[in-house]
Amino acid sequence: MRKLIAFAALLGAALFTAAADAGVKIQHWVAPSGARVYFVETHVLPILDVKIDFSAGAAYDPSGKSGLAELTRSLLDAGAGKMDEEAIAARFVDLGARFSGSTDYDRAGLSLRTLSAPDKRDPAVDLVRTILSQPAFPDGPLAREKTRSIAEIQEEDTRPDAIAAKRFAAAMYPGHPYGVTPTAQSVGGITRDDVAAFHRDHYGAKHAVIALVGDVTREQAEAIAQRLTDALPAGAAETPLPAVTSPAQKTVRVPHPASQSHIHVGLPALKRGDPDFYALLAGNYSLGGGGFVSRLMKEVREKRGYAYSVYSYFSPRKLEGPFDLGLQTKRDQADAALKVARDVLDDFLAHGPTEQELAAAKKHLTDSLALAIDSNAKLIGYISVIGYYGLPLTYLDDFPAKMRAVTVQDVRAAFKRHVDPADLVTVIVATDEK
Amino acid sequence: MRTTLASLLLCALLALSGAAGAAETDTYEKHLGNGLRVVVKEDHRAPTVVHMVWYRVGAMDETDGHSGLAHALEHMMFKGTKKVPPGGFNKLVAEAGGRDNAFTSEDYTAYFQIVPKRALPQMMNLESDRMANLQVTPNDFAAEIKVVMEERRLRTDDNPQSLVYEALNASAFLADRYRRPVIGWMNDLEAMTWQDARDWYKRWYTPSNAYVVVVGDVDHDEVFRLAERTYGKLKSHVLPARRVEIDPEQTGIRRVVVKAPAKLPYLAMAWKVPKLVDVDRDRDPYALDVLAALLDGNEAARFPRDLVREQKVAQSAGTQYDSTVRGESLFVIGGQPAEGKNAADLEAAFRAELKRIQDEGVTPEELARVKTQLIAAQVYKRDSMMAQAMEMGMMEASGHDWRDVDKVVDKFGTVTADEVQGVAKKYFKDDTLTVAVLDPQPIDKAKPREPAGPVRPY
Chain A
1 MRKLIAFAAL LGAALFTAAA DAGVKIQHWV APSGARVYFV ETHVLPILDV KIDFSAGAAY
61 DPSGKSGLAE LTRSLLDAGA GKMDEEAIAA RFVDLGARFS GSTDYDRAGL SLRTLSAPDK
121 RDPAVDLVRT ILSQPAFPDG PLAREKTRSI AEIQEEDTRP DAIAAKRFAA AMYPGHPYGV
181 TPTAQSVGGI TRDDVAAFHR DHYGAKHAVI ALVGDVTREQ AEAIAQRLTD ALPAGAAETP
241 LPAVTSPAQK TVRVPHPASQ SHIHVGLPAL KRGDPDFYAL LAGNYSLGGG GFVSRLMKEV
301 REKRGYAYSV YSYFSPRKLE GPFDLGLQTK RDQADAALKV ARDVLDDFLA HGPTEQELAA
361 AKKHLTDSLA LAIDSNAKLI GYISVIGYYG LPLTYLDDFP AKMRAVTVQD VRAAFKRHVD
421 PADLVTVIVA TDEK
Chain B
435 MRTTLASLLL CALLALSGAA GAAETDTYEK HLGNGLRVVV KEDHRAPTVV HMVWYRVGAM
495 DETDGHSGLA HALEHMMFKG TKKVPPGGFN KLVAEAGGRD NAFTSEDYTA YFQIVPKRAL
555 PQMMNLESDR MANLQVTPND FAAEIKVVME ERRLRTDDNP QSLVYEALNA SAFLADRYRR
615 PVIGWMNDLE AMTWQDARDW YKRWYTPSNA YVVVVGDVDH DEVFRLAERT YGKLKSHVLP
675 ARRVEIDPEQ TGIRRVVVKA PAKLPYLAMA WKVPKLVDVD RDRDPYALDV LAALLDGNEA
735 ARFPRDLVRE QKVAQSAGTQ YDSTVRGESL FVIGGQPAEG KNAADLEAAF RAELKRIQDE
795 GVTPEELARV KTQLIAAQVY KRDSMMAQAM EMGMMEASGH DWRDVDKVVD KFGTVTADEV
855 QGVAKKYFKD DTLTVAVLDP QPIDKAKPRE PAGPVRPY
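Keeping their order, the protein sequence lines are chains A and B.
For the first sequence, position 424 (counting from the first letter as 1) is numbered 424 according to our numbering, and the numbering increases by one without interruption.
Just so we're on the same page, our numbering is the position in the second sequence counted from 1, plus 434.
Treat the hints with caution; some may be incorrect.
As the list claims (entries may be wrong) - Listed next, the in silico DSBU-like pairs over lysine-lysine satisfying Cα-Cα at most 35 Å (straight line):
id : chain 1 : residue 1 : chain 2 : residue 2
1  : B       : 464       : B       : 525
2  : B       : 525       : A       : 303
3  : A       : 303       : B       : 517
4  : A       : 303       : B       : 669
5  : B       : 845       : A       : 363
6  : B       : 805       : A       : 146
7  : A       : 82        : B       : 775
8  : B       : 517       : B       : 697
9  : B       : 789       : A       : 298
10 : A       : 378       : B       : 789
11 : B       : 516       : A       : 339
12 : A       : 378       : A       : 362
13 : B       : 516       : A       : 146
14 : B       : 845       : A       : 339
15 : A       : 146       : B       : 517
16 : B       : 859       : B       : 845
Hints were generated in silico from the structure; no laboratory data involved.
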């Protein structure tokens with residue numbers, strides 16, 4: 001491939017690039033259980049997609065127990081109610097349903113795709129309800145999944161891309177949960193009591209955010225949302241995450257035998273809901289977000305052949321999520337490639353985009369709106385973010401106007417507020433330099 | 435790249451295999467005078483469209499010493515024509531609010547844009563322009579081949595599992611051209627010249643060697659008219675003869691070991707199996723497809739259930755079988771041993787799973803389960819225009835017809851338990867088996883790889 005697929009997906013998810021041509025009607029209500037519900041009704045295909053999220057991501061791991069959030073989420077379907085993990089797996093398959101889970105720093109959640117026919121849909125929803133409300137966390141699967149998790153961590157710690165990502169997080173977020181990643185030791189120390197307590201505290205209905213897209217009526221959607229959450233634990237009051245502080249500027253060099261150096265430059269930058277989002281998104285498109293039309297791609301890849309993949313993005317989170325400029329290059333030219341990338345960044349921070357670049361960015365970001373929501377699968381990703389982070393229900397409709405209003409001055413000012421060169425940390429894994 | 439693409443295909447097949455029953459009623463085809471075919475599937479859910487151009491040329495059409503040429507040319511296709519400057523293609527697609535990319539496999543090279551529907555005429559203009567008027571210059575090539583080398587370092591040289599699959603293919607095949615990696619050997623990339631790329635383009639890029647797939651909110655007659663005005667104006671030239679290399683019969687097990695920095699070992703086992711030739715009469719390829727799905731096609735399948743959860747012998751385990759290929763087919767089983775187990779333990783476990791099917795067959799429940807998933811997948815795939823375009827494009831690329839997508843799904847649904855047991859007995863023998871193993875090396879002891887590739891002043 002000319003471009004990494006994963007890279008494209010990352011940008012899509014992280015940037016929240018585009019939104020709808022007007023016309024996506026998001027219905028919102030609070031279920032009797034207390035869960036917040038966001039629903040888009042569409043009957044074109046006989047499919048229902050459901051995503052249910054909780055503030056139960058890795059940032060909520062207790063100190064010393066890093067990995068607990070992910071382990072808890074991954075064990076929900078390892079036995080629940082009267083069913084063991086084999087019965088649960090077989091039941092989803094027999095219904096023709098697809099079931100999966102995900103954990104990021106802020107959120108942990110479950111996703112269900114099912115046929116909308118009631119004889120398939122209702123049992124699938126009931127199964128998710130049982131998994132969420134009555135997980136058994138049996139000892140056998142717990143021990144096995146801890147072992148698998150530790151093996152995966154140890155494998156990651158041999159891979160230059162994974163090492164770079166972990167060291168980069170640690171350098172950007174010293175002393176903050178966003179900077180912590182699981183270790184063999186932290187996962188090894190997790191007990192069944194830890195898992196059960198984490199579920200009890202973080203999977204309460206009042207903290208649940210449900211996104212629904214597909215072939216059901218409002219009435220059916222209300223019933224499904226309530227059914228999913230009416231037996232959840234009460235949940236503890238949500239503990240606020242500690243404030244993010246600016247890191248001190250530094251460069252971390254990590255030895256590794258890889259043929260390429262993996263480089264990240266960045267800092268904590270952007271919260272969800274920050275009004276500077278539009279200016280940063282538009283500006284970053286010209287800097288390193290716009291694929292082959294970005295300055296980084298032109299200077300680092302097209303002109304000099306230094307890298308296959310070079311990019312920058314903002315990844316907004318509940319608290320200041322990272323700005324990340326990254327590339328991989330043959331190790332003996334790491335410093336030269338990094339200098340080119342830094343020159344591009346510094347020039348951009350000093351002068352911002354040209355009028356022409358900004359116009360092209362705004363045009364692309366508004367016109368590509370339609371692509372971002374042309375399937376139920378894509379749409380539910382946006383709906384769940386709007387719901388979880390409390391963005392306006394009109395987010396998709398407002399996007400074009402907000403984007404069109406951005407000026408070069410806005411971009412420059414927003415970058416000045418969010419990307420201070422004095423705070424930038426640099427991580428280089430696999431380097432010949434000391 | 436092969437492994438990436440193979441897994442992409444696998445996902446596409448598992449997740450989305452087969453066309454909906456309705457496919458033929460909303461899909462239309464037109465032959466242009468120059469030999470180019472246009473397939474249009476109307477899907478009016480959203481005001482967007484997928485436009486793909488597939489060339490029937492891939493890494494298997496390369497010769498020894500010139501591996502990586504098909505993929506390198508794919509990169510060069512973005513370097514401009516007389517009308518469009520280098521980088522201009524991407525710029526115009528982006529300005530239209532679209533996304534574009536390209537990919538190369540052993541069998542084909544394909545280019546696509548996903549755009550708001552109003553941009554389709556412009557996309558057809560741009561693609562038809564570079565079908566005939568690409569400019570390959572020494573300077574553009576010199577920069578781009580370095581990008582390709584970085585791609586190889588990223589995807590293969592520093593990726594132990596990719597190295598295992600590279601070694602597996604290079605060992606399983608002696609003559610069949612699937613033995614060479616799609617990305618190319620580093621030494622071949624170093625030796626490649628801009629003239630090689632230009633000659634490749636002149637040889638293979640012609641309307642009669644291409645087909646266009648359009649899926650989206652379009653009127654098929656309008657697309658056909660646009661095709662006449664764009665692609666239809668190009669002249670086709672004669673294609674070189676293609677020789678199919680037949681691999682000599684394998685008469686004994688082959689084993690290969692790869693050492694690379696890693697913690698977990700990796701094991702891949704590949705058997706020679708038939709590919710799909712006659713969609714109507716063949717049975718074994720369909721039975722092999724079902725076998726693959728029974729082993730790892732869903733969370734309740736045998737590998738995740740028996741090897742990962744019950745026996746705890748595998749950290750991960752999967753299968754890979756693509757029956758729709760131009761070259762020869764392999765049925766691959768691969769995975770990482772669990773903590774405390776080694777590659778030999780995992781190999782024994784894989785063999786035991788196969789033996790159980792050979793001896794005891796498969797249950798009606800698990801066969802029904804595979805078919806239930808298949809039926810649901812027919813509905814789910816309609817949520818993705820790109821997946822539908824890929825499915826038709828890949829079927830064509832292997833020498834079949836896009837209409838066969840439906841047939842293959844129907845046939846898959848007719849496979850019996852006896853047939854699954856039959857192929858398990860027939861094809862999984864040591865004489866046609868190749869085994870590749872990753873022997874993990876500690877990273878603090880491994881030496882940096884010699885920076886492969888020419889060191890030039892910049």
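Evaluation of the provided hints:
1. B:464 - B:525: Within the cut-off at roughly 30 Å; holds.
2. B:525 - A:303: At roughly 16 Å apart (the allowed maximum being 35 Å), residue 303 of chain A and residue 525 of chain B satisfy the hint.
3. A:303 - B:517: At roughly 20 Å apart (the allowed maximum being 35 Å), residue 517 of chain B and residue 303 of chain A satisfy the hint.
4. A:303 - B:669: With Cα atoms ~33 Å apart, residue 303 of chain A and residue 669 of chain B stay inside 35 Å; holds.
5. B:845 - A:363: violated (47 Å)
6. B:805 - A:146: Roughly 33 Å between the alpha carbons, so the hint for residue 805 of chain B and residue 146 of chain A holds.
7. A:82 - B:775: Holds, at about 32 Å.
8. B:517 - B:697: violated (51 Å)
9. B:789 - A:298: violated (55 Å)
10. A:378 - B:789: violated (42 Å)
11. B:516 - A:339: Roughly 34 Å between the alpha carbons, so the hint for residue 516 of chain B and residue 339 of chain A holds.
12. A:378 - A:362: Given pair residue 378 of chain A, residue 362 of chain A holds - Cα atoms ~21 Å apart, limit 35 Å.
13. B:516 - A:146: Judged against 35 Å, a Cα distance of about 59 Å means the pair is violated.
14. B:845 - A:339: Violated, at roughly 57 Å.
15. A:146 - B:517: The given pair, whose Cα atoms are some 58 Å apart, is violated under the 35 Å limit.
16. B:859 - B:845: holds (21 Å)
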